[in-house]
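> So you can see what is in the structure, the chains are spelled out below.
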Amino acid sequence: MVVWCPDWSVVAALEEAGASSRSPAAVLHANLVEVCNGPARAEGVRRGQRRRDAQARCPDLVLLPANPDRDARAFEPVLATVEDLRPGVAALRPGLLAVRAPDRWYGNETYAAATVAEALVGIGVRDVRLGVADDLFTAEQAARTADAQSWTVVPPGGSPDFLRGLPVSVLADEGAQGRELVSLLERLGMRSLGDLADLPAEAVGHRLGAYGAAVRRRARGEDPTLFAARQPPPELDAEVPFEPPLESVEAVTFSVRTTAERFVEQLARRQLVATGVRVEAESEGVVCSSRTWLHPRHFGARDLVDRVHWQLQSADVGGSLRARKDVGVVRAPIERIRFVPEVVESAAAHGEALWGSASDDLVERGVARVQGMIGFDAVVRPVLQGGRSPAARQALVPWGERAVDLRPVDRPWPGRVPGPPPVRVFAVPRDAEVVDERNLDVRVTERGVVTGEPARFRVEGGDVPWQPVKAWAGPWPTDEGWWSGGAGLSARFQVVGADGRAWLLLRAPEGWSLEAAYD
Amino acid sequence: MPAASTAQLDPGRSVVEQLRERVAAMERRTTGEVVPTLAGLTDVLPLRAGSAYAVDSASLALALAAGASQAGAWVGFAGCPDFGAEAAAGLGIELSRTVLVPDPGEHWVEVTAALVDVLRVVVLRPPASVSEKTAAVLGSRLRNRSAVLVVHGRWPRVEARLSTVESAWEGPTTGPGELQERRAGVLVHRGSRPPRRIDLSWPDVARVDPVDPVEQQPVVRRAIG
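Chains as they are written, first to last, in our numbering: chain A, 1 to 519; chain B, 1 to 225.
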């Protein structure tokens with residue numbers, strides 16, 4: 001049995017956009033219509049049209065971007081619904097699934113199809129068509145001939161007769177290869193699949209190649225393609241209920257230890273390790289704290305317990321837990337902790353070296369102790385990233401987290417300051433002043449010309465004595481973030497003081513600042 | 001203790017001797033063991049495990065930590081909110097084996113002690129003045145765990161104190177050019193002995209003047225005269 005939801009990309013995209021499913025809509029990829037729905041087709045929109053042409057024919061057309069992930073994601077509930085009725089579902093592609101018809105259970109194939117259709121309409125899939133046949137190809141064609149919320153049943157052994165009457169153009173759905181074959185067959189004067197089926201096998205193989213021969217076999221109902229049923233994903237979550245609910249972070253942390261061990265162990269039994277875990281804390285039946293933690297390597301039981309500790313201690317929940325003791329504010333205690341694996345990888349990719357990594361483990365533990373003292377994000381790991389200013393070229397990632405959204409280092413980054421990288425980089429620029437011989441503030445014009453020779457400068461605050469400039473280099477003009485209201489045209493200078501120390505100063509429209517020091 | 005298990009053996013020294021050092025390290029008789037340093041610093045300033053060193057500039061602190069990190073050990077920086085990651089990586093510090101506590105706040109002593117427990121070299125910029133007692137407590141922890149403490153600032157008991165003199169940058173003049181190379185003299189004070197001077201060039205931390213001027217100058221003069 002094949003279940004077909006026509007124009008699934010449009011259905012999924014409209015649902016995500018919250019638009020009505022009756023409005024004409026089309027999913028575009030590379031400015032070409034990829035899929036359009038019934039109302040749009042009625043207006044003359046066709047697959048492969050350019051965006052302009054489609055809009056000219058139907059000005060109300062809702063244009064939606066193509067997103068295969070979204071289509072697959074939206075199809076997941078459909079799979080789950082059919083799986084409830086009959087396990088062993090194979091998703092052929094988003095919008096099309098195959099399953100062995102549960103005919104014996106429901107009496108006959110018609111009843112089975114009716115049951116599936118009813119269940120799917122029940123979850124809000126309005127346009128669903130089913131086909132039941134001996135083989136996959138025939139069942140799909142049968143589903144395509146059915147009306148919305150209806151089905152076509154091809155009796156056992158009736159596939160060749162059913163396919164005989166179909167036009168060859170049904171093959172056009174099989175991609176470029178199929179369209180080419182359709183064009184060729186039409187030029188050869190063959191209109192139906194029956195015409196192709198009647199030709200001798202050898203002749204088809206010689207003239208139309210392996211694909212043509214395969215189509216002929218399918219048209220004769222001789223190629224019962226089997227499908228691989230998907231395995232329902234195993235349940236890997238682990239949770240621990242607290243009865244009565246616990247009020248202190250320490251008690252929760254202590255009680256989740258065995259659950260964390262069970263969670264890691266059940267993953268290990270499947271040769272898996274978790275590198276991203278969502279920790280959820282529930283109180284009074286609702287999830288009151290949920291956070292995804294990424295581990296640079298993979299989670300052990302001890303790491304998970306630490307994460308629970310930090311999560312509950314930080315932010316609102318932790319504050320209230322501690323405040324409850326002090327002030328007596330009634331606040332919902334924790335009654336359930338759940339670990340949900342978000343990123344799971346094969347354990348083989350994370351195996352330890354033959355000689356172990358004892359010293360690394362020791363460091364992890366020592367750092368966890370420091371994190372327990374002064375907070376989870378007070379211990380960081382420096383990483384490099386791309387950027388123009390020294391502060392933008394590095395990032396500090398909290399220890400135990402994975403670095404995400406880093407800018408690539410290997411791009412040229414025009415406008416960055418050449419020379420050795422500065423030893424001290426101030427995350428927040430400090431105040432600075434630079435004046436020329438006549439005690440006038442040195443500025444940089446819009447054309448990048450310096451208004452005066454820097455003669456003296458002082459950094460960090462007002463009461464520091466002025467220092468003569470021994471040498472200077474620059475300006476390196478940059479104009480960052482002008483598209484989003486950035487600082488505007490600014491220029492960087494390297495300035496060497498009389499004591500031989502060098503500084504990296506930035507002249508922004510509003511004044512000088514100290515970005516880094518070469519110390 | 002983070003033993004340098006991944007480190008390569010130094011081909012220039014006897015293999016047996018190096019293996020003995022490692023065995024001794026595993027048996028925890030490690031105080032006095034030499035922690036690797038950058039080539040430019042090795043003969044003037046061999047870092048002894050269990051000791052504290054004071055420096056007066058961030059670049060010297062990075063240079064002292066770089067050798068151990070290159071050799072495979074873990075290093076840490078406490079109280080350095082202005083850590084220059086790119087400069088550190090340029091000196092050979094392996095950032096994936098670097099622990100950074102930018103602002104330990106009032107708990108800086110406890111944090112440093114916890115880092116000393118597990119790291120080989122810890123660079124600390126103490127936020128406040130340090131009492132004798134605190135230094136003694138941390139000192140015994142250092143000897144116990146055979147780690148090295150590099151203090152950027154003042155510290156009561158140090159094995160050696162390094163200060164920068166006559167720093168000069170090459171490259172910029174008035175506008176054109178860019179910073180290229182820095183030469184600076186580094187004075188190494190040990191106890192009450194007269195300081196020893198070495199000349200280093202940055203960013204590659206190499207000895208510019210291999211002849212030690214304090215010891216060699218009289219000989220040179222006699223040769224001329």
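Take these hints with a grain of salt, some might be off.
What the hints assert, rightly or not - Which stretches of chain A does chain B cover? Using the computed rule of at least three CB atoms under 8 Å from a CB of chain B, they are: (1) 340 to 348; (2) 363 to 369; (3) 381 to 392; (4) 464 to 478; (5) 494 to 507.
By construction, these hints were calculated from the structure, which means they are not laboratory data. Quick caveat: nothing in here was measured; it's all calculated off a predicted structure. We put the beta carbon where it would ideally sit given N, CA and C, even for glycine.
> Any of the earlier hints contradicted here, and which numbers?
1
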